[in-house]
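K.L.:
Each chain, written out:
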Amino acid sequence: MIEHLPALQTVVPMMAAPICVLLRQATLVRIFAIAVAWSCLAIALALLEEVLSHGTISYALGGWVAPLGIEYRVDVLNAYVLVIVATIGAVVIPFPLDGRELRIPRERYFLFYALFLLCLTGLLGITITGDLFNIFVFLEISSLSAYALIGLGKERGALTAAFSYLVMGTIGGTFILIGTGLIYQMTGTLNIVDLARRLPPVLESRTVWIAPAFLVVGTSIKLAAFPLHQWLPNAYTFAPSMVASFLSATATKVAYYVLVRVIFGIFGAAFFFETLGLSNLLLPLSLIAMLVGSIAAIQQTNIKRLLAYSSIAQIGYMTLGLSLANLNGLTGGLVHLFNHALMKGGLFLVVACALSRVASPDLEALRGLGRKMPLTMAAFVVGGLSLIGVPGTVGFVSKWFLVLGALDKGLYAVAFLILGSSLLAVVYVWRVVEIMYFRDSDAIVERDEAPLSMLVPTWILIGGTVYFGFNTALTAGVAHTAAQFLLSLGS
Amino acid sequence: MGILGLWNYWMVIVLMMIGLYILIARENLVKKMMGLNIFQVSVIMFWVSIAKVEGGTAPIIPEGVTDVVYSNPLPHVLMLTAIVVGVATTGLGLALIVRIYEEYGSVEEDTLREMDRVAE
Amino acid sequence: MKIPLMRMREKLVVRVVSRFFIPFILLFGLYVQFHGDFGPGGGFQAGVIFTSGFVLYGLVFGLENLQRVVPWRVVESGASLGLLLYGCVGIASLFLNGNFLDYKVLDPHDAMHGLHLGILLIELGVGLTVSASMLAIFYAFAGRRTA
Numbered sequence: 408m409i410e411h412l413p414a415l416q417t418v419v420p421m422m423a424a425p426i427c428v429l430l431r432q433a434t435l436v437r438i439f440a441i442a443v444a445w446s447c448l449a450i451a452l453a454l455l456e457e458v459l460s461h462g463t464i465s466y467a468l469g470g471w472v473a474p475l476g477i478e479y480r481v482d483v484l485n486a487y488v489l490v491i492v493a494t495i496g497a498v499v500i501p502f503p504l505d506g507r508e509l510r511i512p513r514e515r516y517f518l519f520y521a522l523f524l525l526c527l528t529g530l531l532g533i534t535i536t537g538d539l540f541n542i543f544v545f546l547e548i549s550s551l552s553a554y555a556l557i558g559l560g561k562e563r564g565a566l567t568a569a570f571s572y573l574v575m576g577t578i579g580g581t582f583i584l585i586g587t588g589l590i591y592q593m594t595g596t597l598n599i600v601d602l603a604r605r606l607p608p609v610l611e612s613r614t615v616w617i618a619p620a621f622l623v624v625g626t627s628i629k630l631a632a633f634p635l636h637q638w639l640p641n642a643y644t645f646a647p648s649m650v651a652s653f654l655s656a657t658a659t660k661v662a663y664y665v666l667v668r669v670i671f672g673i674f675g676a677a678f679f680f681e682t683l684g685l686s687n688l689l690l691p692l693s694l695i696a697m698l699v700g701s702i703a704a705i706q707q708t709n710i711k712r713l714l715a716y717s718s719i720a721q722i723g724y725m726t727l728g729l730s731l732a733n734l735n736g737l738t739g740g741l742v743h744l745f746n747h748a749l750m751k752g753g754l755f756l757v758v759a760c761a762l763s764r765v766a767s768p769d770l771e772a773l774r775g776l777g778r779k780m781p782l783t784m785a786a787f788v789v790g791g792l793s794l795i796g797v798p799g800t801v802g803f804v805s806k807w808f809l810v811l812g813a814l815d816k817g818l819y820a821v822a823f824l825i826l827g828s829s830l831l832a833v834v835y836v837w838r839v840v841e842i843m844y845f846r847d848s849d850a851i852v853e854r855d856e857a858p859l860s861m862l863v864p865t866w867i868l869i870g871g872t873v874y875f876g877f878n879t880a881l882t883a884g885v886a887h888t889a890a891q892f893l894l895s896l897g898s
Numbered sequence: 047m048g049i050l051g052l053w054n055y056w057m058v059i060v061l062m063m064i065g066l067y068i069l070i071a072r073e074n075l076v077k078k079m080m081g082l083n084i085f086q087v088s089v090i091m092f093w094v095s096i097a098k099v100e101g102g103t104a105p106i107i108p109e110g111v112t113d114v115v116y117s118n119p120l121p122h123v124l125m126l127t128a129i130v131v132g133v134a135t136t137g138l139g140l141a142l143i144v145r146i147y148e149e150y151g152s153v154e155e156d157t158l159r160e161m162d163r164v165a166e
Numbered sequence: 022m023k024i025p026l027m028r029m030r031e032k033l034v035v036r037v038v039s040r041f042f043i044p045f046i047l048l049f050g051l052y053v054q055f056h057g058d059f060g061p062g063g064g065f066q067a068g069v070i071f072t073s074g075f076v077l078y079g080l081v082f083g084l085e086n087l088q089r090v091v092p093w094r095v096v097e098s099g100a101s102l103g104l105l106l107y108g109c110v111g112i113a114s115l116f117l118n119g120n121f122l123d124y125k126v127l128d129p130h131d132a133m134h135g136l137h138l139g140i141l142l143i144e145l146g147v148g149l150t151v152s153a154s155m156l157a158i159f160y161a162f163a164g165r166r167t168a
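Residue numbers (our numbering), protein chains in the order written: chain Y, 408 to 898; chain U, 47 to 166; chain Z, 22 to 168.
If you are wondering where the hints come from, they were derived from the structure by calculation, not from laboratory data. Being a predicted model, the structure only gives us computed values, none of them experimental. Heads up, the beta-carbon is just placed ideally off N, CA and C, and yes, glycines get one too. Be aware that a few hints might be false.
One side only, chain U facing chain Z, incomplete, derived with CB under 8 Å [said to hold, decoys possible]:
id : residue
1  : 96
2  : 99
3  : 137
4  : 141
5  : 143
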């Protein structure tokens, strides 16, 4: 069975979704879904282990060998992203569903888990597949289930948010389809490795020049890269917090992976950065995203919206690492995938914990919560410190590599702006902390902590931000190997 | 080839622009959904049209015959998947619109925006 | 939505004609389904054709009657069973020492036969899921009361 792990990675959650629908009973489905998510994590870890020790794995679906058939190709980069997605899925899925945040009654919870597992299937599938069209199909599987998951939010704004995400997401997906069509027209293949081999001779043709534009814009919509981020704040604000936690930690990360794969895996870094001059566009946009996202986050009065805008700033860090296109910068961008998944996933879970005790996600409603729910709010403080990038947290590790990458290129202003944007993060994190701990500090508040079933997943993610802040061997090590691998692809 | 020789691309671009224009310019969510559909269909047409080989037939090779020119069947199959994706997107989008109408009593985007602003 | 459905039920011609047509639609659906591996067709098309027979029935004889024939529960399970069937064929080939969905190994003696069997089962799964999903979409929209 070991050699079939790549197929099982997507087949297990895909098969589990219909089983959830057949089981129906809420508790049973929940236990089953947790088991499935953890086995996905086990498969992902086994794949990463295998790739690190024995090199790239190739798996021919249906016995049709690439480039004719669909190939699942696991190299260091996507094994790493698989682990991120599977980890978040496994940690978030045991989080208990809360009727106060969900539109559906308890008898229909099985549909939630089916959607969740389908979304997980899609995200894992995008990551593992080595076929460009297959990426589109899995992208739509994950997106369609994500729209539905967001639409399950209790407030009616969730519906309009889901609809506008659906429109933007479909445009993004269709753009990817156009780009795929254009390069298929020139090369007659859809396999990514095969494309990388067949594209260089036709790289001068105008058709091939248009394809990356569609592919980059399409993935950037999914990634919510500035200025294509308009769908994100509403979607994360109105989605149930647990869904927001899962999507913020995985969906944008996988889109980033696709972008990296298109740039380095298909066209080659030289084409994008030297011929097309992508950095001239991506670098300023990333810097603007970092600043605008943080400034917008400062002005928010709703904690979920605040975190959503902070996500836009953090995505700016990732694309910044990409636009630097050197070893340290790329390592920073890639390690930030994992680090941001941990902290933003954790912070949205903190919000979910808080919403089990207070009525609204407005900042004002969180007053005095620091003493009412000390453990939950301590998690917020740790996650917030990580967003800022305090040494000893994962945020610091990513920023360290990004600053190094900027300095390697001699871009001192960029390094300075990374630090400046961290200061803005201090402002918005402090606003929340102040309201939670220092407003009405003389009022007597009874301690009313969130249940353990909510606290454990939250603290696993938040604890991870500290653990991987000190022990960088695993995350930064793998990201470094992946960055080396990517930079070696073109040459 | 010339401009006219590429007429399939022109048709695709016209359709695509019609779709995107409806998507941007119309306030009614149902019309937006239709715009999105036209946009998707234009891409499907694009894929199918690039598969056509001049004088080509269906990709079935009779036994003993070797010099058959046939159209590329792969894009058609891929577009079957894209069509299914389109159906699913339309279904989900319309379902959301029905729910939006039930909650807000309107499917005009400017009215919805207004109502959301008043609520805040 | 309610009103045209009521009116439709009173039209004699529509009732008689559709009663005559529905078996042929279903039969054609089955033909497209099972002849799919020799001619044009397959699960996607067959599923839609098959469901269109049910939708016609629902339009003419009323949604309540249709839901008595195919309850919501059946639609939900049908959609999941189709996907499960698809997946199980893939997993079966894993156990027979093939790759996922490598249906040549389904029949250890004759690869071509295994291929046919695999395609037949897979398309059956697709057809089941597609027709159930189409019916689910119809139910979701037609079944809503306009408040």
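K.L.:
Give a verdict on every hint.
P.N.:
Verification of the supplied hints:
1. 96: Cβ of residue 96 of chain U sits 21 Å from chain Z, so the hint is violated.
2. 99: This hint is violated: residue 99 of chain U lies away from chain Z, its Cβ roughly 19 Å from the closest one there, beyond 8 Å.
3. 137: Where the cut-off is 8 Å and the nearest Cβ of chain Z is about 5 Å from residue 137 of chain U, the hint holds.
4. 141: 6 Å, holds
5. 143: Since chain Z brings no Cβ nearer than about 10 Å to residue 143 of chain U, farther than 8 Å, the hint is violated.
Violated hints, listed in ascending order, are 1, 2 and 5; each of the other numbered hints is respected by the structure.
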